[in-house]
Every structure is written in structure tokens, then in C-alpha cells.
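J.: Numbering-wise, the UniProt record's numbering puts 283 at position 283 of the sequence shown, and it's gapless, one number per residue.
Since the hints were derived computationally from the structure, they do not count as laboratory data. For clarity, every value in this text was computed on a predicted model and none was experimentally measured. Any given hint could be a false lead.
Straight-line alpha carbon distances no greater than 20 Å define the calculated SDA-like cross-link-like pairs of lysine to any residue that follow [as the list claims (entries may be wrong)]:
hint : residue 1 : residue 2
1    : K268      : E240
2    : K268      : A238
3    : K121      : P283
4    : K268      : S154
5    : K121      : V39
6    : K121      : R80
7    : K121      : R271
8    : K121      : V83
9    : K121      : G82
10   : K268      : L236
11   : K121      : A166
12   : K268      : D98
13   : K268      : A135
14   : K121      : E81
15   : K121      : T272
16   : K268      : G229
17   : K121      : S264
18   : K121      : E94
19   : K121      : V142
20   : K121      : A282
21   : K268      : D182
22   : K121      : E267
23   : K121      : D40
24   : K268      : D237
25   : K268      : R124
26   : K121      : K268
27   : K268      : S117
28   : K121      : D98
29   : K121      : D69
30   : K268      : D136
31   : K268      : V83
32   : K121      : E138
33   : K121      : P139
34   : K268      : H228
35   : K121      : D86
36   : K268      : G218
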Amino acid sequence: MFDRILVPTDGSPGSERAFEVAATLAGTHDAAVHVLSVVDEHGPTDDDWDYDDGSPADAFVESQTDHVDTEGLSVTPAVREGVVHDAILDYADENDIDLIVMGTHGRTGVRRFLLGSVTEKVVRLADVPVLSVKADAEPGTVSFDDILLPTDGSSGAEAAIEPAGALASATDATTHLVSVVDTRSLGIDVGSTVIVDELESVATDAVGGASDRLSELGVETVETAITHGVPYRAILDAIEDTDADLVVIGTHGRTGVDRYLLGSVAEKLVRTSPVPVLTVRAPSASDES
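The whole structure should be built from the sequences, with the hints applied where relevant.
T.: Following this line, the structure appears as C-alpha cells:
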């Protein structure tokens with residue numbers, strides 16, 4: 001499913017962690033890796049990166065060979081100039097990129113752009129899945145043995161099933177399905193029990209349908225759970241409970257001139273999750289027509 005992986009870089013620790021994850025996935029999926037450095041047209045020229053005749057992207061790839069096994073990987077460095085998130089999205093479109101892997105925090109000095117804010121914009125706007133990796137993640141070998149897949153049965157949630165299944169089946173990972181019953185708006189009254197029962201029924205159908213689909217995709221081990229509470233907090237708890245090392249979550253499609261995330265839950269997870277988060281945008285009706 002992932003043949004061409006893009007890693008935007010600003011030379012920061014977040015970029016390094018993202019490259020490690022991209023290299024691992026590229027090895028698993030026999031994918032090519034593109035490393036993109038964007039010269040921000042609205043910022044000062046960055047002349048303190050340590051490179052000679054090559055580009056910042058070349059220098060970054062060279063620096064990674066000390067602690068990332070790039071032997072056998074197809075790695076293409078590239079440089080673009082412009083508004084950073086726009087340049088990343090344009091490059092992804094022009095090169096048929098299947099997955100963007102980004103760090104959530106970059107260097108924040110006056111000479112560097114804040115990769116964290118760029119990541120959020122790319123997550124909101126990208127047509128392809130985006131894997132967000134924390135800058136303070138432990139360096140070294142990356143493995144996805146336990147994948148957490150939140151679902152509410154919506155089209156946004158369903159969009160995440162196939163990528164999660166592709167990753168899990170390729171690595172024999174356990175997929176943990178969780179559906180959160182959001183009871184924040186329910187008061188304590190006679191009708192609350194009935195409403196909760198209905199919400200739990202919807203959640204049960206959601207995890208059941210997703211489980212069946214994962215089995216069709218070749219995922220052998222699937223565990224399901226239904227929890228109650230504030231969705232993104234319940235998902236954070238589920239990360240800890242399942243010892244998940246990856247969250248895969250769907251987002252809504254386009255709305256008007258922009259796009260938005262699945263109830264803002266995905267956006268909050270990108271900001272707060274201790275493990276990488278793969279966001280997958282559901283196609284809109286206009287995309288499918």
C-alpha cells in the first residue's frame with residue numbers, strides 16, 4: 001500500500017525520528033523514501049546547516065547513515081522553495097506519494113521554521129495518510145507490534161481500516177479496536193440509560209464491522225473494547241492499556257475550502273499521543289464522483 005514515502009525535514013530531532021520510522025516502513029513495504037527540505041520563502045536563509053556542495057536534504061540523509069540502516073533503501077533528496085506546508089503537499093502530489101511521515105516538533109529559533117505547526121497543517125490538508133512522530137521519541141529501531149484503531153462507525157473511521165490492516169498484516173501486529181461512548185452530553189435522568197444503551201449498540205456494531213474488515217485484510221489478531229468518556233482521553237488511556245506503539249485514526253474529508261479532523265479527536269491525538277499517530281482522510285463525495 002505504501003510505495004513512496006515522503007519525509008519533510010528541517011534537520012531537527014523530530015525529522016530524525018520521522019526518518020527512522022520511514023526507513024522501517026520502507027523496508028517492510030519495499031518502498032522508496034523521498035527526503036524533502038523546504039526553503040521557507042517567508043523566512044531568512046538558513047546558512048548554519050553543516051553541508052558543503054550538497055543541499056540540506058543531501059546533508060540530512062548523509063547524517064542519518066550513522067544510526068539508520070539505509071542499505072538497500074531507495075532514498076531521493078529534494079529541495080523546494082515556498083510556503084512550507086504548500087511545498088510539501090505539492091511535492092506529494094507531483095511524486096505520487098502514498099504516505100507522509102513528519103516530526104511534530106522542529107527547531108523553533110528565528111532561523112528555523114516550526115515543523116510542529118507545519119505538521120498540523122499537512123495533517124489537515126493532505127490527501128494521503130500522514131504519520132506524525134514525536135520529536136522526543138526514543139531513537140533507534142522502530143516496531144509496530146500493537147496498533148490501536150479507534151472507530152465510531154463513521155466514514156472517517158472506516159477510511160483508517162485499510163491502512164491499519166495493511167500495516168498489521170505486513171508485521172503480524174495485534175490490532176486493538178476501541179470505540180468510545182461519549183457520555184459528556186448526557187444528563188442523569190430517566191432516559192439516560194436508554195440513550196447509553198443505544199450508543200453502546202452503535203459502538204458494538206462499529207467494532208464488529210471493523211473487525212470483520214480487518215480479518216478480510218489478513219489481520220490475524222484483533223482485540224475489541226468499548227469504553228466511556230471523553231473520546232481523545234479514552235483513546236490515550238487505551239494506548240497505555242494496550243501498550244500500543246501506533247494509533248491509526250480517520251479524519252473527515254473536505255468541507256468548503258478547507259478540511260477538518262474527525263471531531264477534533266485526531267488533531268488532539270497528534271498533539272498529545274506518546275506514540276506515532278497515522279491520520280487517514282476519508283474521501284469526500286466530490287472526490288468520489
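J.: Each hint needs a verdict: does it hold in this structure or not?
T.: Okay, the hints, checked on the actual structure:
| no. | hint | in the structure |
| --- | --- | --- |
| 1 | K268 to E240 | holds, 16 Å |
| 2 | K268 to A238 | holds, 15 Å |
| 3 | K121 to P283 | holds, 18 Å |
| 4 | K268 to S154 | holds, 18 Å |
| 5 | K121 to V39 | holds, 17 Å |
| 6 | K121 to R80 | holds, 17 Å |
| 7 | K121 to R271 | holds, 12 Å |
| 8 | K121 to V83 | holds, 11 Å |
| 9 | K121 to G82 | holds, 15 Å |
| 10 | K268 to L236 | holds, 10 Å |
| 11 | K121 to A166 | violated, 25 Å |
| 12 | K268 to D98 | violated, 23 Å |
| 13 | K268 to A135 | holds, 16 Å |
| 14 | K121 to E81 | holds, 17 Å |
| 15 | K121 to T272 | holds, 16 Å |
| 16 | K268 to G229 | holds, 15 Å |
| 17 | K121 to S264 | holds, 13 Å |
| 18 | K121 to E94 | holds, 18 Å |
| 19 | K121 to V142 | violated, 25 Å |
| 20 | K121 to A282 | holds, 17 Å |
| 21 | K268 to D182 | holds, 16 Å |
| 22 | K121 to E267 | holds, 10 Å |
| 23 | K121 to D40 | holds, 15 Å |
| 24 | K268 to D237 | holds, 14 Å |
| 25 | K268 to R124 | holds, 12 Å |
| 26 | K121 to K268 | holds, 13 Å |
| 27 | K268 to S117 | holds, 13 Å |
| 28 | K121 to D98 | holds, 17 Å |
| 29 | K121 to D69 | violated, 30 Å |
| 30 | K268 to D136 | holds, 17 Å |
| 31 | K268 to V83 | violated, 24 Å |
| 32 | K121 to E138 | violated, 25 Å |
| 33 | K121 to P139 | violated, 25 Å |
| 34 | K268 to H228 | holds, 18 Å |
| 35 | K121 to D86 | holds, 9 Å |
| 36 | K268 to G218 | violated, 30 Å |
Hint check: violations occur at hints 11, 12, 19, 29, 31, 32, 33 and 36; the rest are consistent with the structure.
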